[in-house]
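A.B. asks: Sequence:
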Amino acid sequence: MENSLEERRSILYAPLKGKQGVYGVLQIIAPNILVFPKDEIEFITLLANAAGGALENTKLYQQSRQVISDLQLINETTHRLNSKLRLKDMISYMTNQIKHSFQAEEAGYFLLTDNLINSKLLPGSTPFFYTKQAYPYIEYIKNKILLEKEALFFGDINIPSINGIKCFRSIMAVPMVQRGKFKGFSIVMNQEPYFFSFEAFKLLQSLIHHSALALSNSMLREELERMIITDHLTKLHSRNYLDEKIQLSMKEDEQGTFILIDIDNFKNINDTYGHQVGDEVLVQVANIIRGNIRDHDVGARWGGEEMAIYLPKVSLETGVAIAERLVKAVAECSVPSITVSCGVSYWHMDMLDSYNYLFKRADESLYTAKGTGKNKVINQNDRIKAS
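Take the sequence shown: its position 311, counted from the start at 1, is 311 in the UniProt record's numbering, and no numbers get skipped.
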């Protein structure tokens, strides 16, 4: 209680106390200087305590509801991530959850590579992180998180190297740790300063912690799948994968072209230069194949020194042109200099055909190419004319 002589009034202050703390102060101003009676002070104290208890209960109720909401978010997210989603779908789901729950403008996920030197943006992150403007943010956060080895919370950050239309002031970054090792990190951003609360920061850490195992398992699963369908030496697809793609295409597409490739006189390469050089030659040819086909075409190691290409929805004429381009590129670019022969077959939905017969025609065309001088392309129509 205090008396204000200048304003000729008395003021009584009563703390609004609860069991866990003080939540405010009740101020009572008397119009004149007076001594508050004891019973009025007791009543005001009782009133203030009741108000403090009510405020405390309201705050605890709000906190409990927020805790329940946070737990539901974590549980729902974890359940969805453990449903064996593909990595891209998993990241997209996490991005949408974070944008919705935290009202974030941008969310990105990064995998650390090359002994933690570089970072790889994971598909499913927001488009901003694919732009040049995002690079300073990514590098700054990566270096900072590796240095401090903990999550980062910036209420109003100003990175000197940032020059652009968008300037993000509020940033949260959380490392993805698996068995004590840094695997990557996530970045969540908003342009408004002090946009994220510290409670939101703690919730984000829980989300990333619970999702790290699922993300790691998804990456391992997809890596194993790649190993199963990929030839270890050439990094081309396996023959089984090629078989599946051709048979699927023959059910769904209108046409397709199959190219069977054989390295001419490959045994002489091994005998002259050794098997290591022979392996290098196989890799060179595989790289040339990849450089001459589209992303949805299939290049494969057929077996030994034989390789194959399947071109879905491609005519015989186009397929032959690609094979001829390949033959020319191998002759010009290989070291030591080698040549290849190609047999080309084709199918169309109007033809009564099968996968086995498609392969048989390509194999017979390749046999003709090998027997008539090598370093050439023979297609199924050429072989028929020759016979």
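Among the clues, some could well be false.
Claimed, not checked - The calculated lysine to aspartate or glutamate pairs, modelled on EDC-like cross-linking and capped at a C-alpha distance of 20 Å, are: (1) K183 x D271; (2) K360 x E244; (3) K376 x D271; (4) K370 x D297; (5) K144 x D156; (6) K376 x E364; (7) K183 x D156; (8) K202 x E306; (9) K149 x E192; (10) K313 x E252; (11) K38 x E56; (12) K166 x E199; (13) K166 x E150; (14) K181 x E244; (15) K183 x D243.
Everything labelled a hint here was simulated from the structure, so no lab data went into it.
A.B. asks: Look at each hint and say if it fits the structure.
C.D. replies: Results of checking the hints against the structure:
no., hint, result
1, K183 x D271, "45 Å, violated"
2, K360 x E244, "17 Å, holds"
3, K376 x D271, "24 Å, violated"
4, K370 x D297, "25 Å, violated"
5, K144 x D156, "16 Å, holds"
6, K376 x E364, "14 Å, holds"
7, K183 x D156, "27 Å, violated"
8, K202 x E306, "56 Å, violated"
9, K149 x E192, "26 Å, violated"
10, K313 x E252, "10 Å, holds"
11, K38 x E56, "27 Å, violated"
12, K166 x E199, "25 Å, violated"
13, K166 x E150, "26 Å, violated"
14, K181 x E244, "38 Å, violated"
15, K183 x D243, "35 Å, violated"
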